[in-house]
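The task is simple: from the sequences and hints, build the whole structure.
Same order as they appear, the protein sequences are chains A and B. So in UniProt numbering, the last one in the first sequence is 251, and the numbering has no gaps at all. So in UniProt numbering, the last one in the second sequence is 431, and the numbering has no gaps at all.
Be careful, since some hints might not be right.
[Claimed, not checked] Cross-link-like lysine-lysine pairs, in silico, DSSO-like; alpha carbons within 27 Å at most:
| no. | chain 1 | residue 1 | chain 2 | residue 2 |
| --- | --- | --- | --- | --- |
| 1 | B | LYS194 | A | LYS91 |
| 2 | B | LYS95 | B | LYS55 |
| 3 | B | LYS67 | A | LYS91 |
Since the hints were made in silico from the structure, they are not lab data.
One-letter residues, chain by chain:
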Amino acid sequence: MRTVRTLASLLLGGAALLALPGTAHAETPSPSASAEAAPTEAGTSFRTATVVRPGQRATANASTGDYLYWQFPADAGDRATVRATVTLPEKAAPRSGAHTWQLDVYDGLRRHQACRYGSTTKSLAADARSVELTCALRTVRALAEPWANDPLPGVYHVRLTVVGAPAADLGQPVDAALEITTADAGAASAVDGSLSTPLVPSTGRAVEPDGGWSSGWWSPRWLWTAAGAALAALAGIWGYSLTRGRGRVLS
Amino acid sequence: MITRKRLAAAVCGLLVTLTGGLTPAPAVADAEPAPAKEPPKVELVLDVSGSMRAKDIDGQSRMSAAKQAFNEVLDAVPDEVRLGIRTLGADYPGKDRETGCKDTRQLYPVGRLDRTEAKTAVATLAPTGWTPIGPALLGAAKDLEGGNATRRIVLITDGEDTCAPLDPCEVAREIAAKGIGLTIDTLGLVPNAKMRAQLMCIAEATGGTYTSIRHKDELSDRVGQLVDRAADPVATPAPAQGADSCANAPQLKTGLYSDRETFGQHRWYKVDLLPGQELRASVSVAADRPVNRDYGVMLRASTVHGREMVRGEAAGDGRTDVISTGLRYPKPDTDDSDSDSGDGDGKPAAETVCLRVSNSFSAPAGVKTAPGLPVELTIDVVDGPDEAADTAFFGLGRGWWFLAALILVGFAAGVLWGWLSRWRVTVWRTN
Numbered sequence: 001m002r003t004v005r006t007l008a009s010l011l012l013g014g015a016a017l018l019a020l021p022g023t024a025h026a027e028t029p030s031p032s033a034s035a036e037a038a039p040t041e042a043g044t045s046f047r048t049a050t051v052v053r054p055g056q057r058a059t060a061n062a063s064t065g066d067y068l069y070w071q072f073p074a075d076a077g078d079r080a081t082v083r084a085t086v087t088l089p090e091k092a093a094p095r096s097g098a099h100t101w102q103l104d105v106y107d108g109l110r111r112h113q114a115c116r117y118g119s120t121t122k123s124l125a126a127d128a129r130s131v132e133l134t135c136a137l138r139t140v141r142a143l144a145e146p147w148a149n150d151p152l153p154g155v156y157h158v159r160l161t162v163v164g165a166p167a168a169d170l171g172q173p174v175d176a177a178l179e180i181t182t183a184d185a186g187a188a189s190a191v192d193g194s195l196s197t198p199l200v201p202s203t204g205r206a207v208e209p210d211g212g213w214s215s216g217w218w219s220p221r222w223l224w225t226a227a228g229a230a231l232a233a234l235a236g237i238w239g240y241s242l243t244r245g246r247g248r249v250l251s
Numbered sequence: 001m002i003t004r005k006r007l008a009a010a011v012c013g014l015l016v017t018l019t020g021g022l023t024p025a026p027a028v029a030d031a032e033p034a035p036a037k038e039p040p041k042v043e044l045v046l047d048v049s050g051s052m053r054a055k056d057i058d059g060q061s062r063m064s065a066a067k068q069a070f071n072e073v074l075d076a077v078p079d080e081v082r083l084g085i086r087t088l089g090a091d092y093p094g095k096d097r098e099t100g101c102k103d104t105r106q107l108y109p110v111g112r113l114d115r116t117e118a119k120t121a122v123a124t125l126a127p128t129g130w131t132p133i134g135p136a137l138l139g140a141a142k143d144l145e146g147g148n149a150t151r152r153i154v155l156i157t158d159g160e161d162t163c164a165p166l167d168p169c170e171v172a173r174e175i176a177a178k179g180i181g182l183t184i185d186t187l188g189l190v191p192n193a194k195m196r197a198q199l200m201c202i203a204e205a206t207g208g209t210y211t212s213i214r215h216k217d218e219l220s221d222r223v224g225q226l227v228d229r230a231a232d233p234v235a236t237p238a239p240a241q242g243a244d245s246c247a248n249a250p251q252l253k254t255g256l257y258s259d260r261e262t263f264g265q266h267r268w269y270k271v272d273l274l275p276g277q278e279l280r281a282s283v284s285v286a287a288d289r290p291v292n293r294d295y296g297v298m299l300r301a302s303t304v305h306g307r308e309m310v311r312g313e314a315a316g317d318g319r320t321d322v323i324s325t326g327l328r329y330p331k332p333d334t335d336d337s338d339s340d341s342g343d344g345d346g347k348p349a350a351e352t353v354c355l356r357v358s359n360s361f362s363a364p365a366g367v368k369t370a371p372g373l374p375v376e377l378t379i380d381v382v383d384g385p386d387e388a389a390d391t392a393f394f395g396l397g398r399g400w401w402f403l404a405a406l407i408l409v410g411f412a413a414g415v416l417w418g419w420l421s422r423w424r425v426t427v428w429r430t431n
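Structure, rendered in C-alpha cells:
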C-alpha cells in the first residue's frame, strides 16, 4: 500500500512538473545554438536562404531593394516568432521619401503563412533610422489534412524586402537583423498522426532543430493519462476499502 | 486491423520513450543529384570608359576606387572560386561609335586565380573609351559557358550603355532565357536615374541584385560579398519543359526543375505516385520584368481524368521577386485484400498525378511577354504520413477534467466491487 502511494505521488509530481502546458519550458535559446556563430549573410532566394537557428541573431548587409531570405526549422508544438530589424546606416545618403518594409513567412512547401499577431508591413519615415517587423506564427501541428494550410513541422522561409521606396533610394546600403524565438505550445496542441519526414525539400539545405526532429512518440499526454490511471486505481482501492473491513463507512 | 496496428505502435512508442528516446533519424536528402558539381565561376566586368576619370568617390577618381576595391577583393576571393575579369571601353579612345562599341576584352581568363597576375593586369587599366555594356555581358556569358557550375557576373559601371540599339537589358534577358542559371549583379558608381533603371532592369532579368555605390569601402565590401555568394553551394535546377496537357506532360521525379511560363499560360507535369507515398510539390513563378500590381499562382494536382485532388494557390500584390505556393498529396495505402489495380504480380500500380502550374501575372503595355516568366518547381516523393485516428495525440487525454473523470470512475468501480464481493460473501454464508 505504501509503495503504491509513493508511486502515485511520484507520478503526480512528474505530471505536475512536465504536463503543465507551455509554462515549464518556454523561450528556447539553448546554449549550443548561441555558441554557434550567427550567420552574417542572407540568401537571395528560397534555394539560397541562409539557415538561422532559433535563438540566434542573424545579420546581413544588403542594398535597399534586395530580397533577403533566411530559413529556420520549426518542429511540432513550436510557436515561432520572427523578429526582423531594418537599420539604415548612419552615413547613408539622405532618403527622398518613406520606405515600406515587409516581412513574409513561407513554410517548407513555400506556402505563405499567416501571423497570429505582429505587424509585417511597416513604413520607415524619411528621417527615421530603423524599423522592426514581427510575425508570430501559428502553432506547428504534427499533421494536418492535405487541404489545410496549417503549419507543419519542417523548414520555414523568411523573406524581408522593401516593397515601396522612391526609385532614387533603391540600391542604397541597409543593415538587416533577424531573430527567431520558439516557445513550446505544450500538450494541449499535441495532435495525432505525423508526417513521415518533415517538410524539408530534399534538394534544399539540410535544416534540423537542435537535437533533431521529434520522433512523434512523445507528448506530456502520456503523463496525464498515466497519472489519471494511477489516480483511478487509488480511488478504486479507496472506494473498495470503504465498503470493507471493521471501520467501514459504506454499508 | 488498423486499431491493432495503432495499439502496437503505441506500445512501441511507450517502450521507446521509456528506454530513453531512441529517435529515428529523419530521412532527408536521399535524392542528392549525382554528378559532381564544378567549382563556381564568377566574372567581374569593369567599366573602364572615359567617365571613370571623374573624382567623386571619397575624393578619389572612380577608377582608382575601383582598382583599390579589386585589389581587396582579389585578396579575399575564396580558393574554390574560378574568377575572371573582363573590361569594357578599355582600349579604344577614338570617336568612331562602331569600333568603340566593340571594345570589350577579357583581361584575366576565368580559372584558378593567380592573385599577383590578376592585380598586375588590373593595375594597367586607364579610363579610355565607350560604355558597351551589352557586348560586354555577351562576352562574359561566353567566358562562363560550359559545365554545371554556378555562374555569376558582377558588372561595375558608372554610366548607362552608350551603344544603342543593343539594349543591355534585352541582352540580359536573352542570357537568362538560355536557362544556364547565370546571375548578373550590377553595381552603379554614383548613379543617375537612367543608369539606375538600366542596371536594375539587368539585375531583375537574371535574378541578381543592384547596388548603388557612393563610397570606396562600399564597393569592395559589396563585390566581396557577391563573390562569396557565388561560392555558396546550392542545388541547380534541372531544365524541364511542361506541356499544354497532362497527356503530353513530362514525367518528373524527386528534384528541382526550372521552366518558363508566359502570362496566362498553363504548364502540365506529371508524377508517378505509389499507394502509401506522398507527393510534395512547390512552385515559384518569378517576376523578372515589370508586371501589373496584382498577381497570383496556382498549382493543381489532378487525376489523369481531370478530377482535382488538392491545390495550392497564392495571390499577392506590389513589388515582389517571386510568388510561390505548394501542395501535399498523400496517396492512401491500399489494403492488401483489394489490390484490384495491381499488374498481376501483386505490385500495386502507381497513380499518375497531373500537376498544373498557372499564373495570373499580367504585363503592362510595352513589356515583352516572351520568353516566359521563370518557373521553379520542387518535387519530393516521400513516404506517406502516419494518418490520424483521433484528433488528440494517440487518443490520449489531458487536463483536470480528464483526471477528475478517471478518479470518479475508479472510485465508483471500487465501491461497486466492494459491495459486490460483500453480497457474494453474504450469499455464500446464508447457504
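**OP:** Sort out whether B:LYS55 lies within 27 Å of B:LYS95, counting only the CA atoms.
**Re:** Status holds; Cα separation ~23 Å.
Original post:
Taking only the CA atoms, is the gap from B:LYS67 to A:LYS91 under or equal to 27 Å?
Top reply: holds (23 Å)
**OP:** Mind checking the alpha carbons of B:LYS194 and A:LYS91 for me, to see if they're no more than 27 Å apart?
**Re:** Cα-Cα ~24 Å, so holds.
Of the numbered hints given earlier, the model fails none.
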